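K.L.:
Each chain, written out:
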Amino acid sequence: MTDIAVLDASQVESTIRLAAGGDQAAFSQLVIEHHAAMSRVAYVIVGDVEAARDAVQSAWAIAWRRMSGLRQPQQVRSWLVAIAANEARQHLRRQRRVTVVDLTEAIDRQGSGDPAAFIGVVDLERALRKLQPDDRTLLALRFVAGLDSTEIAAHLGMSASGVRSRLARLLDRLRTDLEPDGPRP
Amino acid sequence: MNDQPTAIDPRAFEARLTTAFAAYADRAPVEVDAVTLTALVARGGMGRRRSRFAGGRRYLVPVLLGLLLVALAAGVVIVGSGLLDRRPESDTPQQPAVVAPSADPSADVTPAPVSEPYVEPTRQPDPSERPSADQPCPAMIQLLQIYGGTVEHVSDPVPSVGPVTGNGDILVRTIPEAVGGWGIGRFDPSQSPPAPVEIVDGVELPFQSAGVSSSIGPAGRLVASPDGRAVAFEAGDLGQAGCGDPIVVPAGNGLRRPFPGRAFETISDLAWAPDGSALYGIRRPTLDALGQPYTANAAQGTVVRWDATTAEATELPPGCEACSWLFVSPDGSRIAAEGNGVIKIYDAEGGWRDLTSGDRMLGWIDDRTIVTRLGRVDLDGGSLAWPDATRDALDAGEPLLSPDGTTIAVMAGSHDLKHRDVIFIDVRDGSSRVAWSALLGIDCDAAALSTRQRCLEGFFAKPGPDTVTDHARIAAWAPDGSAVLVLDVEPYSTEAALRVLPVDGSGARPKVTVRGPALSPTLNWSPSVAWLPATAP
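Chains G and V, in that order, give the protein sequences. Each number in this note's numbering comes from the position in the first sequence (counting from 1) with 10 added on. Each number in this note's numbering comes from the position in the second sequence (counting from 1) with 28 added on.
Hints may contain errors.
One-sided excerpt, in silico: chain G residues whose CB lies under 10 Å from chain V [what the hints assert, rightly or not]:
1. A35
2. I42
3. H45
4. Q84
5. V131
6. F153
7. V154
8. L188
The set of hints was computed from the structure by calculation and includes no laboratory data. All figures in this text were calculated on a predicted structure; none of them were measured in a lab. All C-beta atoms, glycine included, are put in the ideal place defined by N, C-alpha and C.
Work out the full structure, taking the sequences as your base and the hints as a guide.
P.N.:
Below, the structure written as structure tokens:
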């Protein structure tokens, strides 16, 4: 992700250590660096700006309490993103039976982007709405956060092979949803 | 990437998908006032799960910011007038580490200084905090006398417990201090006074961390053999020689038996033949042809059979792409594995066939029938799709098939939104019945934004001894099928609530609370169905 700073190991470790000790400036630095990535993942999972904001702020509260338990500072990004994803997923699970797909709203938000690309986004949003929270989480961690299956597995308590298998199934399903007419020219 | 998409090439589709995801994620609310957010977090202004000041509270945040500014101004005035002593130099917060927020050194952004009146130099320790699941966190084994609802502390510290063997021994993970790495021990709960945990294997194992998940212990599922004399666990590596082997450890005294594997491979979905004569698993490479770890692309897996006596490995043809969910039929003659929406059936003679499944195999009903979340499939032809109501329930939860293959149990939200129901599904016809319904307890202060208003209006019950959270799920069947275990662990909570629900309709037993993170991911009952092991701080 382009919004993640490139830090050397000692800088990351130092910042994590300070933040874990309660240093708010160091923690703020982590917020600056990782908030966008967490928000993007959370938004893809919940599909709602306010809910995504809610989930990410909860994730930061959790990160503050548990920072001292982070044993591998170099994995702080995936750790934070996974917390945000988990918060978003839990939010979505609460909403499972009351979710309303409002495509009118989606169309109203289209703006003036590339029409072809926008159609893909609307289709994607519609396809995501059909998926289980856990499935959206997997897709977001893979395609938005860019985590590999090993990282996803470590953070979700799954096996890497299980992650790959589920992702492959999800891709098949999305392919069916997004390309219902089969191969394109 | 959108220029010439083709549905034939999976990589082209993934590229298009990545682009679409990026465009979709661009709608995310990425703006943040890091200093204010940090101050709120540090002050504990955010609830355990949801902040009452969370961004969704559109009006509270501006009000709070205003209050902060007013307080800041007041502080400046007071300090300026000499009425408030400044803290000693040694007590002032450390300067933040100077880190570059972007790759461009010229674009260095130093964090804004935190206003002193609102800075707490050190975080106050939270007594509820305990080591995370990936840390060695010694805990005592406790036996949950499940029908009596009592808890008994009986053993040496262990980080987590595994399955119970046929003779009632509990297999546990041993602590690093004792064995120099994660290992396996055995504990006999019948002895009084309690005997120490006997270490039966002490090598360092390549367990993965469970990361932020609080409900699952270290990965590497322990799978006890049917006779309880051995335990196998899953292993895998990215290149450490010898770490790609599945390992079988006699549960009694004896040498471990590494089953043949290869480096750069991983083993998963281990399952024993019912008679203990063989161990099955799915073996797949961890790196692709370019030496990169596999990610979303399905790795070509192979179902492997290890002879329990000779440890000889046999690959079952053909390969099984993206396979998982391996189950051995009750008579041991067939192995089913699911990958890419297809169930592959392997037989002992080397034959195989594909079944078009639905999604997510749950196990074998009998030697010729498989049950999935969508219905059941008969090897002799024919299938039965579940009724819509049943499919909805199975989609909403994490279903488990009973040991005798007659009933699926699942926990799902009720249609009135106020309860969570344990639903039993008869695999003969897919009919379902609500076996137990518990009120959903929601803490309004910690509720999500979209739930909070309804919560404040009194729609939901408040959390109490008789309520469940919306994370409650079916965790295990009793070995004799007489009851199910309802596990209720909120994310990041250090405690788990367990309830036993007999299938005879006599109602759920009282809730027992145990330490959550150390619970085994695969809870196992004792053979007598009288207790199950857990850990306690």
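K.L.:
Run every hint past the structure and note whether it holds.
P.N.:
Here's how the hints hold up against the structure:
no.	hint	verdict
1	A35	holds (3 Å)
2	I42	holds (5 Å)
3	H45	holds (4 Å)
4	Q84	violated (13 Å)
5	V131	holds (5 Å)
6	F153	holds (4 Å)
7	V154	holds (5 Å)
8	L188	holds (8 Å)
Against the hints set out earlier in the document, a violation occurs for number 4 only.
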